[in-house]
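> Residue strings, one per chain:
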Amino acid sequence: MGRLALIAALPLLGFLINGVVGARLPKRVVAAIACVLPALAFALTLERFVALPAGGAGMTETLFTWVAIPGLTIDVSLYFDAIAAVMCLVVTGIGTLIHIYSVGYMAHDRSFARYFAYLNLFLFFMLVLVLGKNLIVLFVGWEGVGLASYLLIGFWFEDPEKTAAGVKAFVVNRVGDTGFILAAFLIYAVVGSLDFQAVNAFFSTNRVADHITTTIGLLLLLGACGKSAQIPLHVWLPDAMAGPTPVSALIHAATMVTAGVYMLARLNGLYLATPSAMSVVAWIGAATALLGATMGVTQFNLKKVLAYSTISQIGFMVLACGLGAFAVGLFHLMTHAFFKACLFLGAGAVLHALQGEEDMRKMGALARKLPFSFATFFIATLALCGIPPFAGFFSKDEILSVAWSSSDGMPWLWLVALGASGLTAFYMFRAIWLTFFGTSRVSPEAAGAVHEPPPSMSIVLGVLAAGSLIAGFVGLPAVWQHALGVSAPFYAFLAPLFPTTSTAHGDVATEWLLMGAAVLVALVGIVLAWLRYGRAPEPAVEPVRPGPLHALVSRGYFFDTVYERVVVRFMDWLSESVLGRVVETTLADAALATPAEGARRASRWFARLQSGNVQAYAFYVLVGLALTLWWTATHD
Amino acid sequence: MDRYQFLIALAVLAFATGLLGVIIRRNLLVVVMCVEVMLNSVVLAFVTFAARSQTLHGVAMTFFVYVAAACEIAVAMAIIVLLVKRRGSLDLAAGYELEG
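Just so you know, the protein sequences line up as chains D and E, in that order. For the first sequence, my numbering assigns the number 473 to the initial residue and increments by one for each residue that follows. For the second sequence, my numbering assigns the number 2 to the initial residue and increments by one for each residue that follows.
Everything hinted at is true.
Computed spacing ranges between beta-carbons, pair by pair: (1) Gly1084(D) to Val85(E): 16 to 22 Å; (2) Val85(E) to Ser1083(D): 20 to 26 Å; (3) Val1095(D) to Val31(E): 19 to 25 Å; (4) Thr1104(D) to Ala94(E): 31 to 37 Å; (5) Asp92(E) to Val1054(D): 58 to 64 Å.
Computed list of chain D residues with no C-beta within reach of chain E, every gap over 12 Å: (6) Leu561; (7) Ala681; (8) Trp984.
The set of hints was computed from the structure by calculation and includes no laboratory data. Note that beta-carbon positions come from the ideal geometry of N, C-alpha and C, so glycine has one too.
Bound conformation, chain E alone (with noise of 0.2 Å):
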């Protein structure tokens, strides 16, 4: 196993535990955390290639990716914050209130 390898191995597993935990976990901000891991694993994803090809396409990407995550992080501590002072709780499932 070379190294890049090992690398995109490493980002698929990245990606699967994140992708896990935001459908397993029910604490709002364990489930943030793990959408920010698959996007590192992306992030790591696009790095590698562009080594392996010696180009600058995958690392611009990354800029663009880190860009995203802080707006979306931000947005979502605010919805966080908004939905804990309604529910009083970080649980998930504290109620499902769009059961059809």
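Here chain D stands alone, though its shape is the one from the complex (with noise of 0.2 Å):
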């Protein structure tokens, strides 16, 4: 077995060990196996990575052919290049300290061993998404994660309102899929193969009809809208949070979300052919930033404000790949894979202090009684915030910056991204003004237990925290690499794979004014936070005047409503008065009653021969052999 296989495979291991055994193990074995592997994932993905030939060059790896027939031949091989890179380290990385987070978090549950085997289980299945050379491995791991993720949703099934967020998330997800596979087989129609160098090549070189190229860019953008919870079909991440916290920073924050992310950025050749289809990834990226981060604004939570805060920041990820940023998009992804992170772990030591209270109503005052989760918190929300020099403000910045400068961009653009990212700001801080500052309204039964996290969570907030301040260095905008004289190696690193990249920056004096104007609308975001929820000791939880848009926002737009009302009801119409009504009686009838009816009838007729009369049977015997006779005797 080669060592990308091996990456992938030592997930795997941990699942089979801890899925199938685990639950005899004593749970200090079951937390070593389960932190170890993807421990020893991330140390060989290191190995790869340094030993990656710059220039943009990858390594493959053939495992085996799975489909050999004439025309299409279809080998489970993986790909490790700098996009594969990015990924793995982000995967193995945040997934290993988020494994050994959880290990604190979860000590007291009665499933630890499943929970930790369904986790290596989506490590594993992440890693064959992020490792796949063709389209065809890296649906696998594409189902492989909502797989997990429905299962992680629903950890504590004896909540049926849990496993109903599992379900769901797993059948909005059938929706982006539905588009995904269609995607692959005109993309097959189209370049005769499904390798992803194959086709970026094919569609960089030859003319391909236009309507062919915008219809495959926008069906797999439906499939990344479904994965990385993009308008339309974001409604179900919010209630994805059902599941424990460690699960919703690593699947449905660091990892899993940006798959969608992933898979633009893999198949940028296919979408720069297409500007028309380009654009409407742009616009639904935008879209989702500025509506997710609305959401956020109304939401009492604490975790669902997390939950509509990566929605939006996903879609600013999805706006810099829709630009043609994709290295962009993929260093967003990187940082905000460290800073939500950060917060969704600070959010669980908060959860875990208060037993489980997620309500933000009843927390308050606890920045005293929690410092370092706290601080952790707080660096993470200025990282998420876009203050400088925090992570969070190169990656987003830099993504303003193309929005209003690059070829495809346009001032709109850039004008919804900063109302976005000014409402993060808003939200953040009234979260943490909710959250840790202001008067108590813990109830008085938990306010005597609450405590700092063990060390094997203060651990991983506090390497998050360090990630989430220095992690955006890596990748400086153009004008501070020649303000301060050095490179950006993220970017240089990602270069060669992203040729057509041209991120046209305007002036210096321009890209200044833009990183002032988004700093501006941050603070301006952060005052206003202050001023409505941090000013008065008791801070006004309900809206001053809850007029007919405070119950537009706060119910998710009525995406929610009009999915129940419209297509849940019409399935249930469909299935019950079509379905069950019309065509199940037809076909029963025709397939099984009738047949039926024949066979009880001959049956009927039949059993008359039965008389019971012994003279009758001898009859029957004598007939026979005159029959015999009569047939031997004619026909020899």
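Bring the two chains, given one by one in their own frames, into a single complex with the hints.
This is how it looks when you write it as structure tokens:
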């Protein structure tokens, strides 16, 4: 087995051990297996990363041929290039940290081994997803992470609401997957291959009819929307917060939900050939960034605020991809993985301290009781809001700058993204003030037990906060590079893979101006949050005048309601009235009832022969004998 | 009609008579006697053919048939006795216990 295969196989081994015999092993052993194997995978990824040749060439590992029929050969092969390296490092690195955190967080759970088995299974499929060399292998991972996500959202399956959230995530993802599969069929019909490199090369060199390329691009976007929770398929992600908090951090913030962005970046050659699909991608991303942020403003559940924030931030990544700045999208993916994982795990520390209380109206004044958790949460929040020099500033600012100045960008996109970025600062500081400051609204029985998390959780929080602080420095924007005389290793690393990405920057003064505007808007958001929630000792938790706008936003723009009223009702009606009453009765009659009646009649007729009369039987023997004799006489 | 033809015709007639009796008579003893008639008609046919072909095979078969017939009648009489004890009647149709 090659080393790339080993990277993916190590978590699979953990899944098998913990899944099969984990329930009989002591928790200590289960935790060791679950954490050491991903850590080994991370070490192997690092080794491969160091060994990666410069210039964009990747390493290929073909494991076996899966399908071999004339005209179609599908190899199970893995491919490790700069994009896969970034994704693998994020997945195994953040993944390992979250495994370690989970040891403390899940210490008292009955299904300790099952939890780690699922988590390792998720890592395995995620690595298959990012290492796959063709669309089919990617799709295996794509579906696999969906399965792991379903299992982990519904991890506490005794609660029907949580199971329903898992089912919802699975079903909504099916819609996106339909688009993905149709796109794969179309790509195969056009290109004759599903290999990423072949597909990208084909679309960048051959002229394909515009409508076909655009259709493929839009169908793939539908797949990305499902997996990455973009409008209009974002509805599953807020519900997915039903899972354990480390799961939300790993799957629903740092890694799985960014798979759509990864796919867009992976198929950059295809997308660059279809400007119309690209602008749809950009606008979907921008709209999601803004709407996600507005929805975050009205939530009182700490985890749901972060969930909407994730939706919004992935919107930024998709926006960057839609503008052709794939490297910038991946950079934001990387920094976001750090600070959003840190935020979720910080929220997990708060939940852990409050015995699972998620409502921010029942928190407050926790900064003094949980100083370390607060410090890490605060650093990650600053990173998310885009305050320099935290990681999020560099990545988000670059996206804003691309939105303004790239050849496909325009001020409107920039304005939408800027608004989203201001709202981000507002809702995050709203969460900070409601959770950590003001007067304590913690219920008296929970207040006594508030405690800082155990070391296994604190260490991870510290590492991620440090990452949120420094991860941005590997990808400084161009003007900073010139001003400081340094390079941006992240962009240099990815540059050979996105050859046509020419982010035509405006002049230096515009760049600084845009940057200043972004920081200013973030600060305005923070100040507004302080005015509204921080200044008064008892923060106003309800809107001043709840109007129709508040209803619209707080109920998630009625996406869920519309789906419920239109899609679910229609399906119910279809299955009940049409399929149940018409199709099923007709089919059942034709296929079952009629033949059954025939068989019953025939058997009644034959039963008459069995009269019980011995002489009748003797007569039948005679008849049979006579017929046999007659037949032999005439046929010989 | 020569001698052999006459004897074979007689055997066929006896066989048919026996068969008819087996099928339509309801008295158990008569049915068993009719079976014997059929056996005897077959033996007659064997002997006729043996005499015509001047061989002994047919004659040898006669002994086998009679041994089988003797065994058969012994078993059949035992069954009849039990049936009569059970039903109190010699009528074959007294109880159609195996009606389907």
